[in-house]
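Asks: Here is what each chain is made of, one letter per residue.
Protein chains: 2
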Amino acid sequence: MDSVSISEVTVFRGLMHGIRQPFSGATISPKFCSSKGEGSRAITSNASNTKSQFVYGESLATTADLGYKMNAVNLKNRTLISSVKEKLLLDAYDDEYGGVVVDHEKLPSNPNAFTSMLRNSLSDWRRKGKKGIWLKLPVEQSELVPVAVKEGFEYHHAEKGYVMLTYWIPEEEPCMLPGNASHQVGVGGFVLNRHKEVLVVQEKYCTSSNAGLWKLPTGFINESEEIFSGAVREVKEETGVDSEFLEVIAFRHAHNVAFEKSDLFFICMLKPLSDKIIIDNLEIKAAKWMPLVEFVEQPMIKGDKMFKRVIEICEARLRHRYCGLSPHRLVSTFDGRPSSLYYNVVDGDDNDASQSNCTADFY
Amino acid sequence: MDSVSISEVTVFRGLMHGIRQPFSGATISPKFCSSKGEGSRAITSNASNTKSQFVYGESLATTADLGYKMNAVNLKNRTLISSVKEKLLLDAYDDEYGGVVVDHEKLPSNPNAFTSMLRNSLSDWRRKGKKGIWLKLPVEQSELVPVAVKEGFEYHHAEKGYVMLTYWIPEEEPCMLPGNASHQVGVGGFVLNRHKEVLVVQEKYCTSSNAGLWKLPTGFINESEEIFSGAVREVKEETGVDSEFLEVIAFRHAHNVAFEKSDLFFICMLKPLSDKIIIDNLEIKAAKWMPLVEFVEQPMIKGDKMFKRVIEICEARLRHRYCGLSPHRLVSTFDGRPSSLYYNVVDGDDNDASQSNCTADFY
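Chains A and B are the protein sequences, given in the same order. Numbering of the first sequence is given in this note's numbering, commencing with residue 1 and proceeding in unit increments. Numbering of the second sequence is given in this note's numbering, commencing with residue 1 and proceeding in unit increments.
Simulated from the structure, these hints should not be mistaken for lab results. Do not take every clue at face value.
[Claimed, not checked] Pairs of lysine-lysine residues, derived as BS3-like cross-links and limited to a Cα-Cα distance of at most 25 Å, are as follows:
no.	chain 1	residue 1	chain 2	residue 2
1	B	150	A	106
2	A	128	B	204
3	B	204	A	131
4	B	131	A	285
5	A	160	B	150
6	B	196	B	271
7	A	160	B	204
8	A	204	B	131
Nothing here was measured: the structure is a model prediction, and the numbers come from that model.
Please take these sequences and the hints and turn them into a complete structure.
Replies: Rendered as structure tokens:
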């Protein structure tokens with residue numbers, strides 16, 4: 001599957017998950033219903049063959065707001081073709097929720113042509129009782145953005161290569177389109193060695209009140225990265241130390257963090273596999289192994305309820321008095337998607353008895 | 001604090017958190033350094049008073065790539081003022097990472113003026129060794145989007161009211177700008193009553209293979225909503241049943257779900273506070289209380305590893321053989337932010353002994 005197909009499929013997945021949560025029943029193979037049976041087949045902007053125009057003509061015959069009928073004979077008239085071209089519809093697919101996804105690969109390059117086609121398409125979709133319209137504009141066609149906004153489209157989200165706009169047609173129904181991504185996900189690594197020393201760093205960029213503080217290595221996980229591998233990567237990048245992921249021992253949920261988005265921060269216990277420290281000069285000023293008692297005694301840690309609690313949890317875990325969550329790779333038949341389910345080991349579970357995370361010794 | 005200020009502050013927080021994770025040391029009060037001392041004070045696009053022009057003149061005097069010097073006397077010449085106006089810089093603030101945030105409230109409305117100001121500003125920022133440039137374009141000024149793209153800006157993210165573009169100046173350094181939000185967060189509610197009946201729904205929009213399946217109520221959490229309140233809300237919206245949040249018992253991490261983003265799905269145990277079912281007609285076809293044994297016997301559940309495991313965990317929890325994570329509201333002095341830390345109860349914790357989630361009876 002090439003990148004374009006993936007992109008299109010994920011848009012459809014987005015539509016599907018807007019109302020339903022993926023875990024709970026969406027399929028992996030959404031249907032692209034081009035609704036041929038209802039005379040609504042859209043054609044491409046550069047379509048100039050008679051067949052396409054004829055199909056278009058058939059469709060238009062029922063379009064009251066365009067106010068005229070054309071047939072194959074009329075296509076011989078070049079002037080008429082030209083004026084008809086301006087009235088073409090955007091190429092688009094129906095989605096499973098009564099909405100429409102405009103084909104971003106077949107957009108006209110000329111903003112005037114786009115204006116005309118977008119207006120016609122909106123009339124057509126409105127007439128057909130369509131609901132949510134998805135319009136993805138590649139960065140190479142950024143001149144179309146102001147046109148879409150003028151026609152009433154709203155920004156939905158953007159990535160490096162495109163901006164996605166939406167239009168909700170039904171005036172009497174609340175907008176049911178799914179939202180944009182809402183969270184950043186961060187990880188912090190609690191890496192303790194056999195000598196009860198914890199791996200700590202000092203950051204290059206920090207506020208004056210935090211200057212001199214030794215803290216756990218932390219960072220955001222990358223696109224499509226697992227929490228368990230993100231924690232190992234961040235520790236390696238910042239300190240050069242190799243480690244093995246053990247458990248998520250707690251997580252923190254905070255709001256209005258970056259770009260008004262929310263933040264989920266997973267505190268992970270890791271087991272060191274190497275000792276030698278090599279710091280990342282871009283982000284980190286210093287790193288070292290610090291006795292746990294000394295780490296906890298730092299005024300900023302000692303005086304902070306949340307940090308104190310996190311350390312207590314890590315210590316309780318080391319005494320087998322706490323159960324963290326460990327990842328288990330599972331595929332659900334509901335969406336066929338491989339994913340990681342984080343949980344404690346359930347009693348009587350033969351498969352995982354050897355890995356019982358509440359009783360397992362780390363060292 | 002009004003919405004504009006919040007928006008600006010969160011952009012700054014975004015910059016701060018790009019490299020550092022909020023939990024780990026960023027402040028709540030980022031400094032807006034307007035760098036008055038270095039002759040770089042930008043002026044607004046509609047500035048027409050002599051003082052502003054003069055400040056601009058001083059700044060330009062050191063700008064080699066603009067190639068001329070102006071002074072207060074020259075400002076009497078209307079033609080020159082006009083040509084100078086086109087060469088004005090965008091109003092902007094320095095950030096703490098050597099970058100610049102353009103003031104979106106003082107953008108020129110004319111695309112030509114914007115083109116000229118953006119080019120001058122880029123030269124100016126480059127000359128001063130600036131790194132990441134943040135350009136937020138409100139939806140009302142969408143005509144400026146193609147201009148910025150033509151000058152080399154990239155889309156970073158978008159919300160209903162704006163699109164954010166970025167430009168990374170240093171060619172020899174990797175881009176250190178923080179990413180866009182990466183995750184959607186969903187919740188599923190396992191609501192069991194005293195009669196060992198589980199609250200289930202049938203969805204209006206589902207694939208044919210899932211038709212007839214009775215499943216747990218699920219949904220995405222809203223912007224800035226807590227997981228614990230989102231789960232209670234979803235159950236209430238879909239079924240009309242009031243409930244009390246007990247624990248997150250597991251979570252699932254999956255990738256490339258909606259719009260190529262990742263998905264974190266939290267499975268929550270809830271205690272029902274009412275019985276009567278009133279369904280949400282927009283999303284739900286039917287809802288009912290279903291004996292747990294009957295729920296588990298559904299072929300789609302029975303045949304699915306992930307769902308089977310989730311049910312096992314819920315059952316183990318009811319037998320006190322499993323520890324879920326419960327939310328505790330805590331403020332960290334690191335960022336002064338109230339947030340929820342999800343964890344088991346730690347042994348010997350006097351404050352929370354009564355709420356020990358591994359031993360507490362739900363019913």
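Asks: With reference to the structure, classify each hint as holding or not holding.
Replies: Against the structure, the hints:
1. 150/B <-> 106/A: This hinted pair holds, its Cα atoms lying about 21 Å apart.
2. 128/A <-> 204/B: Holds - the C-alpha atoms of residue 204/B and residue 128/A are around 21 Å apart, at most 25 Å.
3. 204/B <-> 131/A: holds, 16 Å
4. 131/B <-> 285/A: Since the Cα atoms of residue 131/B and residue 285/A sit roughly 20 Å apart, the hinted pair holds (cutoff 25 Å).
5. 160/A <-> 150/B: Within the cut-off at roughly 14 Å; holds.
6. 196/B <-> 271/B: holds, 12 Å
7. 160/A <-> 204/B: Roughly 35 Å separates the two Cα atoms, so the pair is violated.
8. 204/A <-> 131/B: Between residue 204/A and residue 131/B the Cα gap is close to 16 Å, so the pair holds against 25 Å.
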